[in-house]
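Got chain Y sorted already, so can you dock chains S and H onto it with the hints?
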Amino acid sequence: MELAGVLNYLVGFFIMVGIYGIFSLGLNVQWGFTGLFNAGIAGFFALGAYTTALLTTPAPDAAQVEDFIFGGNLAGLPYLDWGIDFWFILSLAAVALVCGIVAYAVGRLTLRLSGDYLAIATLGIAEAVRLMFLNEKWIANGSKGLYRIPEFLGDLVSPANYDYLFLVVVLVVLALLYLAVQRVVNSPWGRVLRAIREDEVAAQSSGKDVYSFKLQAFILGGIIMGIGGALYAHHVRFISPITFDPLLATFVIWAMLMVGGSGNNRGALLGAFVVWGIWSGTQFLPWFFADPNFRFFMIGVLIVGVILIRPGGILGETRRVSRVVGASSHTPVKEGGNPKE
Amino acid sequence: MTRPLETRLSPLSRLAGPIRRQWSPGHTTVAIVLAALAIGLLPFVHMGLVVNGVFLGAIIALGAVGLTLIYGILHFANFAHGDYMTMGAYVALFLTASFFPWLGVTSDGFGPFTFGFTLLIALPVAAIVVIAGAILLDRFVYRRLRDRGVSDLFMSMSSMGVAIALRGLVQMIWGGDIETYPRESKQVFHLPMDVRIPPDAIFIALMAVALVVTVYLVLTRTRIGKAMRATADNPELALVSGIGTRGVTWWTWGIGAALAATAGVLLAVFQGQLLPIMGWKFLIPVFSAVILGGIGNPYGALAAAFAIGVTSEVSTQWMNPSYKPAVAFAMMIAVLLIRPKGLFTMAGSGR
Amino acid sequence: MALLEVSAVVSGYGQTEILHGVSLTIDDGEIVTIIGPNGCGKSTLMKTVAGLVNVWDGTVNFRGKDISSTPPEQIARTGLCFVPQTRNVFPTLSIRENLEMGAFLRKDDFTWRIEEMYRFFPDLALDPGRRAGSLSGGQRQMLAIARALMLDPTLILLDEPFAGLAPAMVYLVLDRVLEINRSGVSVLLVEQNARQALSVSNRGYVLVSGENRLEDKGSALLDNPEVSRLYLGG
Chain Y
24 MELAGVLNYL VGFFIMVGIY GIFSLGLNVQ WGFTGLFNAG IAGFFALGAY
74 TTALLTTPAP DAAQVEDFIF GGNLAGLPYL DWGIDFWFIL SLAAVALVCG
124 IVAYAVGRLT LRLSGDYLAI ATLGIAEAVR LMFLNEKWIA NGSKGLYRIP
174 EFLGDLVSPA NYDYLFLVVV LVVLALLYLA VQRVVNSPWG RVLRAIREDE
224 VAAQSSGKDV YSFKLQAFIL GGIIMGIGGA LYAHHVRFIS PITFDPLLAT
274 FVIWAMLMVG GSGNNRGALL GAFVVWGIWS GTQFLPWFFA DPNFRFFMIG
324 VLIVGVILIR PGGILGETRR VSRVVGASSH TPVKEGGNPK E
Chain S
10 MTRPLETRLS PLSRLAGPIR RQWSPGHTTV AIVLAALAIG LLPFVHMGLV
60 VNGVFLGAII ALGAVGLTLI YGILHFANFA HGDYMTMGAY VALFLTASFF
110 PWLGVTSDGF GPFTFGFTLL IALPVAAIVV IAGAILLDRF VYRRLRDRGV
160 SDLFMSMSSM GVAIALRGLV QMIWGGDIET YPRESKQVFH LPMDVRIPPD
210 AIFIALMAVA LVVTVYLVLT RTRIGKAMRA TADNPELALV SGIGTRGVTW
260 WTWGIGAALA ATAGVLLAVF QGQLLPIMGW KFLIPVFSAV ILGGIGNPYG
310 ALAAAFAIGV TSEVSTQWMN PSYKPAVAFA MMIAVLLIRP KGLFTMAGSG
360 R
Chain H
-11 MALLEVSAVV SGYGQTEILH GVSLTIDDGE IVTIIGPNGC GKSTLMKTVA
39 GLVNVWDGTV NFRGKDISST PPEQIARTGL CFVPQTRNVF PTLSIRENLE
89 MGAFLRKDDF TWRIEEMYRF FPDLALDPGR RAGSLSGGQR QMLAIARALM
139 LDPTLILLDE PFAGLAPAMV YLVLDRVLEI NRSGVSVLLV EQNARQALSV
189 SNRGYVLVSG ENRLEDKGSA LLDNPEVSRL YLGG
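Protein chains in written order, with our numbering: chain Y, 24 to 364; chain S, 10 to 360; chain H, -11 to 222.
With the rest of the complex left out, here is chain Y:
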């Protein structure tokens, strides 16, 4: 492969790492810092991608037998013709709003109950969102999906070099989100989140409104995921319900956070890099390693393996006691005699 080809591949690779890094960060806010088990990242991913796509994509084309009715293309409206780039920013705000509202609804319903309820509810929401986009053709063209999603700042560079520009866009958004999350989790607010994750009862008895803090963290994480989904839509420029298969839209992200180190934002980004590297690297391997089904299997083993062998991930959280090891570090636990906590 010549240099330009390698470079192009690397740019594409790092765009994906950057986008997955955003999801991983969002999940870190929910799970890493607050201990909220979101099993339906795909739902927020899809909502983010579809929201921005619907707002910016050109109107349906009768010649293409497109079924959806709301063509979006707000940028094309004569009296609001401020260009696609303005609408891009605005649509990110809309994404945040939509994902925030959905996260609020799910959280309100389940965050007062034990953690598994949230996991089950998010799982269901992700599937419901997928089914809605699949069956309600009038919303977003059903299984044919939305294409011709415009590029942000597409006029600035030639289409051949656009990926370089988009990489910068992704990295800027990622950096902003990283700094914001970093700041937020190190604030007193973030300390409360970690206190809740460690011991909900203790946090409650020290007078914190645990439910409200969890709700806020869940919404923040959901918004970040939605933004990741929006960038994804503008990158691949084609989305359909198949895009949001739980494997690539939920499980891979979990593997990233667990591998990198939950509770550590640098870990979340490192995990995105490592796991996406493994994911896209294995396709060059010989024999069955390149089998997508093997990679599927591998993601599952990776999640279980990290929990079993190195619960903190590669980087782990920088703090006094590790959450998992702490419980038994003082003394070996008796075989079979460990009462429920």
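Bear in mind the hints are in silico, worked out from the structure with no lab data behind them. Among these hints, one or two may not hold up.
Computed footprint of chain Y on chain S; a stretch qualifies when at least three of its residues, placed anywhere within it, have a C-beta under 8 Å from a C-beta of chain Y [claimed, not checked]:
1) 113 to 127
2) 156 to 164
3) 189 to 199
4) 219 to 232
5) 272 to 283
6) 313 to 321
7) 330 to 339
Note that the structure is a prediction, hence the values are computed from the model and not measured. All C-beta atoms, glycine included, are put in the ideal place defined by N, C-alpha and C.
Only chains S and H this time, still in chain Y's reference frame:
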């Protein structure tokens, strides 16, 4: 002062005898309205769909009773339960479509059914394979986590990892395409009111009833079954009474896995096809039944499974059939709104 | 040799050390009471002996064998049975099933033992199919003790068996405990306000902040004005 124990009840093993349910007037109203709605809708509903829903409910029930037992005793949501179902279905596929023919035994269209008698042999074998797999997974994954004292949520999370790995395994071995058991088309039974019952459905219903009755008898009549209920009630007291965790854990996985494997085979028969994703997709109705029935309560799961089966089948009269899991999910959400601890739990109980 | 010998035991939950080296002994046939203020580690001591809380340091010897690293379900087998203060029955199981669970480790036909318990606590015989969760406080305490007796223990640990009971019920349960002791079972009692308990005890210990403070004959502790003032409510 001693705290009243009722507030700490685990809802499993409501089996000891009738209990007083403390319905508040609000809930009674809701129940009456729902019942009236159901009866009022009946004339407009295609009876065939209701009957179909009962059969679907039977399969959901097999999954949900096992899942709720695991939830009540081991205290975590087993996200791999659907994939235990898939495993069961595919092991039976291997036996009926590859292994038995290799031995020279082929069979389809046994009696009135579409499948061959080999499936009747394959079913218990599949159950045993899945039981063994579940116990091995407990030994090498969940027990290590329990011994380390991790939170219940970490257990759920690793079960999600297990679910992905199992599905990957199925896809690696069998590929992602649609498969079917060796089958032969058969006449369906025609009943009045335009109800058609495929003979396979009778088999499904009989299997489900037999297994649920068996589980009931195990839980109420046997030493280990009572020990399981005791552990769900009060794990510490069970330990100091000399009830070892290991035996109870293994039996819980054993019963749950056997029910799941059977549910998987029956689902494949019911749908007439196997797909690696079948179990994962079935997780939503199964979890909905567990939550609707009150986590840890096998009776509740049973009743809720039929409610979900019938409702989601009947919904296809007006809605796209692919919305069935969403209907199950919507029922769960509705319950979370009205009565978060499930419809079939006592007031003040739960975890 | 003492039946139970706890020496310099350190234990606690998670990272928190509750007991900082507690020692006590019980001889065959004794009733021993531990008293102390709220949060002094009495219940933790009981759970540590029963194996529910890990021993970090020190030893627990029961009938000459070190049980400090034995899991709780094995400890029950050795003849040491524990009745927790709260959550001491299986609420959704019937009375009879509770007793059957108490006898989980018995290999013989234990129906006679259940009948014996019905005679010993006639309240339990009224309706053996009744769910334990619906029993009154006193009945529940009786069931909890009966469950622990199913294994024919040599030592029974009772964690605040009289807490929250009506005075008449206290005497009833106390009478049963003495009867159990007369049949040859040693008894280790934990009590917060423990005049009755001390008055029937051979010896007593005062536990403060996870450490031994005093040890004496039961009656001597009752007569000790300081103990009386500080730990027995005046």
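Going through the hints against the structure:
Counting residues of the segment 113 to 127 of chain S whose C-beta lies closer than 8 Å to any C-beta of chain Y gives 0; at least three are required, and the coverage claim is violated. Counting residues of the segment 156 to 164 of chain S whose beta carbon lies closer than 8 Å to any beta carbon of chain Y gives 8, which reaches the threshold of three, so the coverage claim holds. Against chain Y, the segment 189 to 199 of chain S contributes 0 residues with a C-beta closer than 8 Å to a partner C-beta. That does not satisfy the three-residue criterion, and the hint is violated. Evaluation of the coverage hint for the segment 219 to 232 of chain S: breached, as 0 residues show C-beta separations to chain Y shorter than 8 Å, against a requirement of three.
Coverage of the segment 272 to 283 of chain S by chain Y is violated. Counting CB-CB distances below 8 Å, 0 residues qualify, and the rule asks for three or more. Here the segment 313 to 321 of chain S counts 0 residues with a CB under 8 Å from a CB of chain Y, which misses the bar of 3, and the coverage is violated. Coverage of the segment 330 to 339 of chain S by chain Y holds [criterion: at least 3 residues with CB-CB distance below 8 Å; count 6].
Figure legend: structure checked against the earlier numbered hints; hints not met, in rising order: 1, 3, 4, 5, 6.
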